[in-house]
Amino acid sequence: KQEVTQIPAALSVPEGENLVLNCSFTDSAIYNLQWFRQDPGKGLTSLLLIQSSQREQTSGRLNASLDKSSGRSTLYIAASQPGDSATYLCAALNAGNMLTFGGGTRLMVKP
Amino acid sequence: DAGVIQSPRHEVTEMGQEVTLRCKPISGHNSLFWYRQTMMRGLELLIYFNNNVPIDDSGMPEDRFSAKMPNASFSTLKIQPSEPRDSAVYFCASKVEGAQPQHFGDGTRLSIL
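From first to last, the protein sequence lines are chains A and B. If you count the first sequence from 1, you need to add 267 to reach the working numbering. If you count the second sequence from 1, you need to add 1162 to reach the working numbering.
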């Protein structure tokens, strides 16, 4: 059974800092790895999706990498802004169309 | 384009009552998922449908929970009878065929007193 872990659980940084969020998964037989953002009281917004054959995906200030062999993914946020404050979740897609989510990293970017 | 639409946004009811949560997926999406999110357990998949057919309901906690998808544009998740431990945020998500992103609704915040 797939297990997804995110470290750290919470992170507070000053505005402008570059930061890395970590995600690890136990079953490397994934189809893709997704990163989501969740704002308080809201649903999840898909940020980046990395297919199993890819190493990384970029969108604006966000860059996500995937290393299937080691069971790791990272989300890099450049030049963080207060508007980036949210909970970030990673999720691994395995056979059967099932996403397994990590517990999330709660990010606070202070002005 | 309208996203995934869930109703109600909030529900407060007494223990023992029947609760029905509703979801309208994005038009053209053929997979629909119901999740539950709690502080203790995070986000858990309850059940998902493909082309209106339930594919995997292994995440449904117990017989008090049931889900239906009578057509491509509507699904319900029902809890009968409800218990305080069912209090959580319930999300519906939909996607197109293949390894594509899931699109989430804003959730229903359920409180059972």
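Be careful, since some hints might not be right.
No farther apart than 25 angstroms at their CA atoms in a straight line, the calculated lysine-lysine pairs in the BS3-like style are these [said to hold, decoys possible]: (1) A:K377 with A:K268; (2) B:K1240 with A:K309; (3) B:K1186 with B:K1230; (4) B:K1230 with A:K309; (5) A:K377 with A:K335; (6) B:K1240 with B:K1230; (7) B:K1186 with A:K309; (8) B:K1240 with B:K1186.
What the hints contain is simulated information worked out from the structure, not anything from laboratory work.
How the hints compare with the structure:
no.	hint	verdict
1	A:K377 with A:K268	38 angstroms, violated
2	B:K1240 with A:K309	21 angstroms, holds
3	B:K1186 with B:K1230	12 angstroms, holds
4	B:K1230 with A:K309	24 angstroms, holds
5	A:K377 with A:K335	33 angstroms, violated
6	B:K1240 with B:K1230	8 angstroms, holds
7	B:K1186 with A:K309	16 angstroms, holds
8	B:K1240 with B:K1186	15 angstroms, holds
The earlier numbered hints that this structure contradicts are 1, 5.
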